[in-house]
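Student: With chain A fixed as given, assemble chain B onto it according to the hints.
Protein chains in written order, with our numbering: chain A, 1 to 193; chain B, 1 to 168.
Please note that the accuracy of each hint is not assured.
[To be verified] Which stretches of chain B does chain A cover? Using the computed rule of at least three CB atoms under 8 Å from a CB of chain A, they are: (1) 15-25; (2) 56-64; (3) 83-96; (4) 149-158.
These aren't lab readings, by the way, just hints derived from the structure by calculation.
Where a beta carbon is used, it is the ideal one built from N, C-alpha and C, also for glycine.
What follows is each chain in one-letter form.
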Amino acid sequence: MDAIEATGEEPAAEQVGAVLGRLMGDFAGTAGVVLTALGLRLGLWDALADGPAVPETAAERAGAAVPYVREWLRSRAAAGYVGYDPKAGTFCLAPGVAAVLGTGPLSGLTAGMAAQLRVWWAELDRYEEAFRTGQGISWGVLPAGHAEGMDLITRAVVAPTLVAEWLPALDRVVDRLAAGAAVPTSAAVTGRP
Amino acid sequence: MIAMAEAFPASRFAGFDVDDASVARARKAALAAGVAERVSFEVAAATEVPGGPYDLVTFIDSLHDLGDPDGALRRIRQVLADDGVVLLVEHAGSDHLENNLHPVGRFFYAASALVCVPNALAEQPAGSPLGSIPGEQALRRVAAAAGFARVRRVEVEAPMNLLLELRP
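One chain only, chain A, in its complex shape (with noise of 0.2 Å):
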């Protein structure tokens, strides 16, 4: 008798489809970030940017093939980051999009991000091993692109909104800071760079 039968309980289709449509929602996602990421180093989000465009006025903006682009398009639209226009045949970014993966600030964010996951990819063999043993593993001896990501990730997120809007709300901390030599101590962070 095995543990279906013991419970009385057999999945019903519809939640075995559940999980695979949740698993679906999973691998579309985690692919699609690869996707998203070469955009960003091919410079096909810039290239959108620039206005709606058919695959080939995309891919001769960003200097790279049709094909490709043409698939990458369809996925990105697919996953909402860019609108199409069935009747025009073209392509543009959708509203918000530029700001966050276009040339700027906050690219850092998904390039970081980026940098990050493929290390926790190549490394799963690492990662199998440290969850059976329960050992550590400290950021150095996971590959350079880990901290870099991170570096990454801090500028675009962090190191903005701490100096704009974190200082700023602690209790005459900003003062003290903007006085400095008059402080008769210095300032300090610990934690990563």
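Tutor: Same frame as chain A, but now just chain B:
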């Protein structure tokens, strides 16, 4: 930290990390930004931060990465000026797992298993890492145990982060 140095040219800044490659990269970045004479980076564990007294100490999404977060905050209490401040920034989330089972929790718990917990275990084998969503109450307990009598939740528009201001 370089961004802070650029914003506050009259202050001096010191960064500490156990990873020498990170320290080397940070030094290079400080040189490139032209702030190296006011910004130093040294290899040191948070539990052994040298110097002080410091006016401000920041932990930006980093306390949960440490093998000994309690010891780190105790050390910071020792090197902090009596009227100094600690800005403790952590990932936002509830102390109760059941409240974190959403897309943000889904990401941070995964990052926790792949980055934060492995590093903490490397620093303190068989330790009990905070995890990347430590929760406000757990952080308040760590802060109180380290000698910080005043802990204030800093209200800012930061859906992914929890900010606490710690004072002795």
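Student: Against this structure, judge whether each hint is valid.
Tutor: Hints, verified against the model:
Given a C-beta distance limit of less than 8 Å, the hint that chain A covers the segment 15-25 of chain B holds, as 10 residues qualify and 3 suffice. Interface restraint, the segment 56-64 of chain B with chain A: holds (8 residues with C-beta to C-beta distance below 8 Å; minimum three). For the segment 83-96 of chain B, the stated coverage by chain A is satisfied: 4 residues place a CB nearer than 8 Å to a CB of that chain, which reaches the threshold of 3. Counting residues of the segment 149-158 of chain B whose CB lies closer than 8 Å to any CB of chain A gives 6, so the stated coverage by that chain holds, three being the minimum.
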